[in-house]
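Taken in order, these protein sequences are the chains called A, B, C and D.
Numbering-wise (our numbering), the first sequence opens with residue 1 and increments by one.
Numbering-wise (our numbering), the second sequence opens with residue 1 and increments by one.
Numbering-wise (our numbering), the third sequence opens with residue 1 and increments by one.
Numbering-wise (our numbering), the fourth sequence opens with residue 1 and increments by one.
Calculated directly from the structure, the hints in this document are not laboratory data.
Any copy, or any two copies together, can satisfy a pair, since identical chains are not distinguished.
Mimicking DSS-like on lysine-lysine, the simulated pairs with C-alpha atoms at most 25 Å apart in a straight line are: (1) K303 - K196; (2) K291 - K316; (3) K2 - K316; (4) K31 - K316.
Number of protein chains: 4
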Amino acid sequence: MKRIAVLTTGGDAPGMNAAIRAVVRFGINRKLEVMGVFRGWCGLINGDLRLFDSHSVSGIINQGGTILKTARCPEFHEEKYQERAFQTVKKNNIDGIVVIGGNGSFRAAHSFYQKYKVPVMGVAASIDNDINGVDYAFGADTAINTALAAIDNIRDTATSMERVFVVEVMGRDCGFIALSVALGGGCEDVLIPEKKYDLHEMCHAIVEGNLRGKVSWIIVVAEGAGSAVDIAKQIKEITTLETRPVVLGHVQRGGRPTAFSRDIALNLGKMAVESLLNGVTDKAVGLVAGKIALVDFETAIKKKEYNVDNMFNLIKVLS
Amino acid sequence: MKRIAVLTTGGDAPGMNAAIRAVVRFGINRKLEVMGVFRGWCGLINGDLRLFDSHSVSGIINQGGTILKTARCPEFHEEKYQERAFQTVKKNNIDGIVVIGGNGSFRAAHSFYQKYKVPVMGVAASIDNDINGVDYAFGADTAINTALAAIDNIRDTATSMERVFVVEVMGRDCGFIALSVALGGGCEDVLIPEKKYDLHEMCHAIVEGNLRGKVSWIIVVAEGAGSAVDIAKQIKEITTLETRPVVLGHVQRGGRPTAFSRDIALNLGKMAVESLLNGVTDKAVGLVAGKIALVDFETAIKKKEYNVDNMFNLIKVLS
Amino acid sequence: MKRIAVLTTGGDAPGMNAAIRAVVRFGINRKLEVMGVFRGWCGLINGDLRLFDSHSVSGIINQGGTILKTARCPEFHEEKYQERAFQTVKKNNIDGIVVIGGNGSFRAAHSFYQKYKVPVMGVAASIDNDINGVDYAFGADTAINTALAAIDNIRDTATSMERVFVVEVMGRDCGFIALSVALGGGCEDVLIPEKKYDLHEMCHAIVEGNLRGKVSWIIVVAEGAGSAVDIAKQIKEITTLETRPVVLGHVQRGGRPTAFSRDIALNLGKMAVESLLNGVTDKAVGLVAGKIALVDFETAIKKKEYNVDNMFNLIKVLS
Amino acid sequence: MKRIAVLTTGGDAPGMNAAIRAVVRFGINRKLEVMGVFRGWCGLINGDLRLFDSHSVSGIINQGGTILKTARCPEFHEEKYQERAFQTVKKNNIDGIVVIGGNGSFRAAHSFYQKYKVPVMGVAASIDNDINGVDYAFGADTAINTALAAIDNIRDTATSMERVFVVEVMGRDCGFIALSVALGGGCEDVLIPEKKYDLHEMCHAIVEGNLRGKVSWIIVVAEGAGSAVDIAKQIKEITTLETRPVVLGHVQRGGRPTAFSRDIALNLGKMAVESLLNGVTDKAVGLVAGKIALVDFETAIKKKEYNVDNMFNLIKVLS
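Pulled out of the complex, with its shape left as it was, chain A reads as follows (with noise of 0.2 Å):
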């Protein structure tokens, strides 16, 4: 193995540029050559990549986003696509791929290494941490921590104001952030895709609450559990208390790493260029139990197992 490439793809997540960084410089302190490829896939298929030397990723380990930058790439599920892409490795004597992105970017490495048996690892990078098999993946605490912050700011005013707010976090299939913030931010309830709620009984436990002279509440919603917007209006209908939506968005996705999610990522990128000097390939790194680990792709696509329950009643008792 002589050169390899690295690339971003799918959301950006905080800690991408961390990522990059271990995979550049610890490649070249391994002797390999490392190939920037920029856009995701879109930059393998169109030739979108240069050689990197170790000055291409100085200072970038505190910057959010990616100096690769990332594209969705749909037309990467094409054959026509990915054999140009395969074409691109070729030409460029790539003899591995290391894939920063999530569920959606390990599918696609994992199918482009079925077909054209080129050597890909995945690091797992994810916002909202749903990646299966993995404890976690960088970027969620960095999300969380951002998410926080804003909870906590919004406490401010649902103490002052006497009101209700619900608070839109990210978390499409995987109510992880939710959890995390509800849990660190005091919350008093959580509605997530993994577990059914019924809108009623929460309004009725507001109403009780209310009459026991309770005034504030905030509640926590993953976006696949819902519309902040939708459930305040509702909240507000059944229980005549003012109630505030509040959609934190794209704001949970850029920003400073923090110190936790630029850990991981410096040790994924390192282990990803390690495996794939082992002959490891077809597999994600991500920290399990601790510990830098490797997962099957297939595993680390399917729906993300974890346990929900144990946050979901601690958040429930202590609020």
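Dock chains B, C and D against chain A, hints included.
Below, chains B, C and D without anything else, positioned relative to chain A:
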């Protein structure tokens, strides 16, 4: 003058606790007794107030929200309730009132003073910085920095994913926050209530920029100038570029006050008490030309006039 | 078991309030009465404690420090004072104690348990993350992020002014903070108590780098490995490069706890109470391999063993 | 005037990049060519400069430090080197220079103008806010907020552990940062170069407070008024209370500029270019009474005069 009361009304603003601290401690320093009134005018109506000492305001200078709570109090428009508030004032031997709040608060304070001649001073607190006659109300600087941090985060994704973002910030009648964050965030455009805009023209400019190679935009919109959700939808339709809305909402209202917000809040709080002691009444204190100054309530509650064009043009030139 | 007590001892750590909240609310949820003891062991000695209810811990989850206060309590080493503490325990019908703190706290707790057989559980709180047998004590993640923010700031100046900076972070016996921020900050070198270093060799490498065109360095030093002021002086003498020390000190101890610090603190607090209810005693709870786990006090108070080389080598490869 | 140059000198200040952006883009907007000079006056001496375009300043508005680098350049005091700088100016057809920096920079700029009559405008950048004749240089607001965040953190520990802290902030000749953070942080005392203080008297007040039950103090000291390490040692000796020093140092210099720092920097940058176009020279631009204004270099480099007593007294009254 032996005893004054302090209350916070309208939406909470970061720095209200600092202002309360200044009123209480400066008042005590000048041999006054100071009562804290809870939930704004409602507290006066309901007799929800108590004597504060120096310790009552310990450890709050860096906290968002208001320990006095705040409430919109529509019943205060009715004479019956104003009369009850006046009875509370008399019963508690209150010789003057410091009202910390914004336009609505000053309107109520002015009307209360006109009827009952209880000396009253306003302290200009406003996220939106929409109080006429003052350059800075406290709270705005914190809200602007919170929104700017969000913009900086979004820029990471806008650049990495090459997208258009429409970010809605607070500002119902006043585009000050929008102008400030658009300028500080290096944003491409800004829509404010003070200026008509032509969405088609803006989209035309976006498409032209895109043809020249520009790939990301952040457009800031004050809530009073339109809905980010609607505008993003239209931009996407017209330009066909991926466009996402972000609505920052109440996140901008809370949080640790910035140094500048604390500084203004503390100085205004002091000045309000000093003014009462000097026999001044029916006025608000705010920052004018870098100095603490008095503004008649009648002026303060008018539509804010300020140099919109300077900021607006600079944004356009620098983007 | 009907009534337990909770106290915080040693240096304060961000998340202590979250842990107190969990102990109190989870205890009450399990039908226990919970007493808050003020100023650590001193509070037990002096009978400085009171019954807490659910409201006693409202609004503290996002606050640094500890509402129970903390104190170093050297007199607790004397039997006379331990006896007085035990009398407080008996008089107040306390059936178990949760001690939130670090090594020193656990040593005292262990000794107290050995003598008086009052069930006692420790909650691993440590800025330095120096508690043996656990991967993460709470507090460390916040301290690391605070230090990392400082490093990011210093990088701006190091790069702009082309200087060498020596940044001293906390860690008397344990280089964990130093390693974490050196890794996450992309720092050039790190000096920790666990590894001997040769200042002349380091200076030699700096001079060589300088000849190759490198112009800025950030070197992180754990307080237990040397003084930034002294080391900066020596580097300047040997290399003749402008070198500045920064000593972050107690800034690292306070502040809003991060999501991860809150998460660990809440889960540990819950687990400590659950353990007491299950008849467990004389142990600490901490995060091990990503899960809450029990560690004998005797293990916890030993010198921490952890994989220093992994982090150390990665820092060197990536810098 | 067809071509101007811009350089940053002295210590870096947050907002320098924003100022550079404004000079470059506003210059281009006014049909000027703009050259970026690297490493301050050294860059002029060594011909280290290049033509900038609009893209040269993309993505820097929110970055601390300066992309132009900065350097102290003692050789610029010698005529020989000034002559070389002038040759660079002539050779590159530079018709005017914008110098972004503080007192030292303006002194050099003034002297250069006096000799060679090359039009030169200064942009007031200073962490310490020590430029005479202007209310705000840019950079100070960011430094103050950074220091204030540190003070807020320290307050957590001061309160929890009941200690005295002495916190040293920047400010060699000017106590502005110290006054601002002492006011905003609710600190108990402040020592500044502009005011003599009696340590014994302060210690006496501390002991008296302690006898009344007060248990924690934060005393802010500007670096020009003494060393926190020494002062803490003396306080401990005299009062016997546990006293700890914190020296914030260069952490205050870097970091994302605040909204206010960006706002001032952008407006000053624009105004400097506009002034050159209007034939103005030998002056600095800064914020005066809330507006951008011109100040003669001769005034700007004098010892700053400002209302120290107002802030000082308010701190005392409110603590």
